[in-house]
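All chains, full assembly: derive it from the sequences and hints.
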Amino acid sequence: MISVSHPAFLPSIDPGAGSFEFDRKRKNAIWIIGNNGSHNGDSRQIQYRNEGKTLRPDRHSSTASLGRRLYRHRYLYVMLIPAFIWALLFAYAPMAGLYMAFVDFQPTLGNFWSSFFGSEFVGFEWFSYFFNGSDFKMIMRNTLVSSVLTLLLGFIVPILLALALNEVRSQAFKRIVQTASYMPYFISWVIAANIFVALLASEGAVNELLQLVGLTKESIPFLQEGKYFWGIVSGANTWKEMGYNSIIYLAAISSINPDLYEAAKVDGAGRIRQMTSVTLPLLRPTIVILLILSVGNLMNTGFDQYYLLGNSLNREYSDVLDTYSFRYGLQNSMFSYAAAVGLFKSAVAFLMVLAVNSIARRMNSNSLF
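If you read the sequence shown in numbering that gives the first Met the number 0, its first letter stands for residue 0, the second for the next number, and so on.
These are computed hints drawn from the structure, not numbers from a lab.
Hints are all accurate, no fakes.
Calculated cross-link-like contacts (lysine to any residue; reagent style SDA-like; alpha-carbon spacing at most 25 Å): (1) 344 with 307; (2) 344 with 333; (3) 136 with 294.
Label pairs and their in silico Cβ distance ranges: (4) 311 with 217: 21 to 29 Å; (5) 216 with 267: 47 to 55 Å; (6) 187 with 311: 20 to 28 Å; (7) 120 with 215: 51 to 59 Å.
No residue lacks a Cβ here, since even glycine has one placed at the ideal position from N, Cα and C.
Structure (structure tokens):
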């Protein structure tokens, strides 16, 4: 290998005997000598120095290339403007409110700006109050346990549903199942929660069915006893989201080259073996990306379902970070304390995304960044 730092110092070598490359790490040109252009020939290495001069890309050409790409796709960027404005107004602008987590916000000091900037700075006092509070362990336990259960069910079930639908040969039956599984996603949590409340009531369909088959003699107070709550909310989340989430996996499966399945059939692979040896390995990049995104929402359990299905009888199991910050922030008017709880939740979720993304990258798998 001959490595030089400027094209002018390249030796006179037969082009057919090697190849010219550019080493991005060392920022110099490399000439690979081989037999008929292969890398398996001469292993000689000659280093030529050019007094610190290195090959650098032309900044003007890079800028011009970027300008051409922007102009070529100008209509697409124009279509992105509404989404950019929405993100700016509703995602980034509210971040200014995080300042309240470090002050003793008093809304009675005058107008909003006087209260916002005139409140006493207390540093990390609200965070310390939360960490040392009597409810911290209970809130974190409920949040993590219910989130992990929801993650496991909500991550595995859509994959199984997509794999099962992919194996269905009757298109009519496949469309019926897809429609039935997608519909709950478009139902609001207010309606969905009332459906589960009616089903799990003392005289609801679930208790009637359990008594009919002889599994229990008396009605079970599902929503009054906290020990059932984690399973109920995880099942409700999975029922509502599995159809929509399976669309992504079905789209990924449809992009798999059919020739791979034909080759597997020739080798004697059955439908189960094709699924495990062809479909699942090629779904791995999609699964990894969605897993990273799901871990990012691990602390974001969701407010609606916990608020609607929870009550004073099961609060020991239903009170999570979202409902806790809502109760203290809006019902008890402790705005700074609620802001500190919300900031803590966001920080932990961000660190989780970084950790899982780093693990995925080190395992030579796909990652977000």
